[in-house]
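Chemist: Sequences are here, hints too, so could you generate the full structure?
As they're listed, the protein sequences go chains E and F.
Position in the first sequence (first residue = 1) + 3 = our numbering.
Position in the second sequence (first residue = 1) + 3 = our numbering.
For the record, the hints were derived by calculation from the structure and aren't laboratory data.
Check the hints yourself; a few may be wrong.
Identical copies go unnamed one by one, so any copy, or any two together, can satisfy a pair.
[To be verified] Capping the alpha-carbon separation at 35 Å, the derived lysine-lysine pairs in DSBU-like fashion look like this:
| no. | residue 1 | residue 2 |
| --- | --- | --- |
| 1 | Lys68 | Lys132 |
| 2 | Lys68 | Lys107 |
| 3 | Lys131 | Lys68 |
| 4 | Lys68 | Lys92 |
Number of protein chains: 2
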Amino acid sequence: MISIIPATEAHADAVWQIFREVIAAGDAYVFEADTSRETFLAYWFAAYVYVAIEGDQVLGSYIVKANHPGRGSHVANASYMVASAARGKGIGGLMCEHSLAEAKSRGFRAMQFNIVVSTNVAAVALWKKHGFAIAGTLPGAFRHETSGYVDALVMFRDLADIGSL
Amino acid sequence: MISIIPATEAHADAVWQIFREVIAAGDAYVFEADTSRETFLAYWFAAYVYVAIEGDQVLGSYIVKANHPGRGSHVANASYMVASAARGKGIGGLMCEHSLAEAKSRGFRAMQFNIVVSTNVAAVALWKKHGFAIAGTLPGAFRHETSGYVDALVMFRDLADIGSL
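Modeler: Here it is in structure tokens:
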């Protein structure tokens, strides 16, 4: 059974390994393949961090935080990643659903993704399935490892219809 | 004569005073009125910083930086502010023009504003005049001091037509 729990220091190594897999392809995340463990963990663990686990296996992780300070802080931002060996099990969707409820519980009114890679059609479809709309298209805003400069999407979702955890 | 030059430590006090004026209204910047000098200066001076000066008076300041790390780092982000006593002199436009050339010189391919307050019609018109298009609308993403939650705009401009400094 897969469960989603707050991450602790004990998960840092597993989360770092998943991140390395994710960034190696250069097709979904802004971080480059040479990003250091220290840089990544400082970034990831500066937010509210969760892991999807099955037994003692970490299958994925996500973070949620305010997208802006102050007058923009009622909009959440989240990032998700799934271990390559665990793809196709619906973990991305589970984490997305969890993150929406978590964001709602923390008082956020909406959730925004700032740079969804347009060529990552599976992700775009998943976010749409979970209620996100494309708020805008940023021409050539992502430097894709194999396709060069590709469009990125800003996706947005109101949380009015989400129940708290 | 107004000139735009790189900011130094010597400009920090003047820039802080302008920032305080700008955030007091709560209608244009995400920072709240109680933002500390330390927080502001750490944020502002983490980017490339410029000031618009006339004699020894600082009339405005702007910053330019990468909007994202790594695979999103070819898109610049900029923020501008003008002293209340110096408004209506075209300083915002001068700084915008300068920032576009500066961003181009530093190798950026485009410039993006992440959270332009939709009710700030003068700013929206100014950015449009300088070639920015509305890439998307974020419903209720800005908590305006007097109007409550208002839409924010993502604005984007390619730098292909901009000459280097």
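Chemist: Compare the structure with each hint and give your call.
Modeler: Consistency of the hints with the structure:
| no. | hint | verdict |
| --- | --- | --- |
| 1 | Lys68 / Lys132 | both (22 Å within a copy, 34 Å between copies) |
| 2 | Lys68 / Lys107 | both (12 Å within a copy, 31 Å between copies) |
| 3 | Lys131 / Lys68 | both (20 Å within a copy, 31 Å between copies) |
| 4 | Lys68 / Lys92 | within (25 Å within a copy, 39 Å between copies) |
The earlier numbered hints are all upheld by this structure, with none contradicted.
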